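Please arrange chain B on chain A, whose structure you already have, making use of the hints.
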Amino acid sequence: MMETQAHASDTLSPEERAADSTAVFGFWAYLMTDLVLFASLFAVFAVLRGPAFGGSSMGNIFNLPYVLIETIALLTSSFTCGLALLAARADKVQAAILLLSTTFVLGAAFVGMEVSEFTRLVAQGYGPSHSGFLSAYFTLVGTHGLHVAVGLLWLLSLTIAILKRGFSRGNMRKLALFSLFWHFLDIVWIFIFTIVYLMGAL
Amino acid sequence: MKNYFEEIGAWPHSHGIARAYVAGFVLSLALTLGAYVLVAQHALPQVRLVAAIVAAALVQFIVQVVCFLHLGRGSASRKRLVIFGFAILVVGILVSGSLWIMFSLNLRMMPDASQMEQYMQSQGGF
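Protein chains in written order, with the numbering used here: chain A, 17 to 218; chain B, 12 to 137.
It is worth saying that the hints were derived from the structure and are not from the lab. Note that the coordinates shown come from a computational prediction; the quantities given were computed from them, not determined experimentally. The reader is advised that the hints may include incorrect statements.
Stated by the list, open to error - Only pairs whose alpha carbons sit at most 27 Å apart, straight line, appear in this in silico DSSO-like list of lysine-lysine: (1) A:K108 <-> A:K180; (2) B:K13 <-> A:K190; (3) A:K190 <-> A:K108; (4) B:K90 <-> B:K13; (5) A:K180 <-> B:K13; (6) A:K190 <-> A:K180; (7) B:K90 <-> A:K108; (8) A:K190 <-> B:K90.
Next up, chain A with everything else stripped away, as it sits in the complex:
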């Protein structure tokens, strides 16, 4: 049995369990609506890719090896986020903080790489106003990047909260919800990587 930290009790009362289960379910319902948002952006992108001006020849403006590194950074951060939950379950504060910090660094690297790619595209004249294809591209990829950036702020506040209060019930709940959000964003990225970048390079 692990040493208990600052928390008063080690088990949840039935009311607490019901409340936190509802929180997980409700957050899951939000993620499903977010999925529909991304689906509509994918539909717009797919529709504008072919027939819009310059659409089908745009694949070669992207740097595929660069995007692969971005993809692996986000995938690895999704993995370390899962490992942080395992550390939390084992009541290992230091390990969890280390894993959450790794998740943060990888996520920040992902956002940084994406922002620098956007800057490069705009500087080369391929801004969102260049064509319907690029409008759809910036909206789809930018919306995902914005989600990741918001996730980073959440992760920062969560890490600080765990440093202050350890694995309290509130922190555990936030950790469970954050992990759903973070894994969800990696799942959306699978399709951005495949449909936008890999298919664009063909």
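Okay, now just chain B, sitting in the frame of chain A:
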């Protein structure tokens, strides 16, 4: 808070969670790199290449939903599975419907040569 994630239904059970994360990560990495190499090397003809990378994406989607989001057996998981299924249905209708409508419209907007001829004759040119 030993069994917190299990109690609130975020994890279906305690066993095999670590293994699920590792398996999910390794499989996702392999599928990502595999799809990337296929495209970078142009290893297959165009149509089969598109089919292969879409298949790799769908497999990776299922792998991450099962291994990272822990959607599967268990009563808490079943409730989430229901709205997940509904969301996938909406996504399918939204994406395939948009593509169907827009490509059909696109096709109808571009008359072929015989239609163009007919139009020119009936109107005496443009």
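Consistency of the hints with the structure:
Note on K108 (chain A) and K180 (chain A): the hinted pairing holds, with a Cα-Cα distance of about 14 Å set against a maximum of 27 Å. Between the alpha carbons of K13 (chain B) and K190 (chain A) the distance comes to roughly 16 Å, so the proposed pair stays at or under 27 Å and holds. Distance check on the hinted pair: K190 (chain A) and K108 (chain A) sit about 17 Å apart at the alpha-carbon level, within 27 Å; holds. Simply put, K90 (chain B) and K13 (chain B) have alpha-carbon atoms about 24 Å apart, close enough for the 27 Å limit, and the pair holds.
For a cut-off of 27 Å, the pair hint linking K180 (chain A) to K13 (chain B) stands: about 19 Å separates their Cα positions. Taking the CA atoms of K190 (chain A) and K180 (chain A), the gap is near 14 Å; set against the 27 Å cutoff, the hint holds. Restraint check for K90 (chain B) and K108 (chain A): the C-alpha separation of about 31 Å exceeds 27 Å, so the hint is violated. Under the criterion of a C-alpha separation no larger than 27 Å, the hint pairing K190 (chain A) with K90 (chain B) is consistent with the structure, at around 20 Å.
Of the numbered hints stated above, the single one contradicted by the structure is hint 7.
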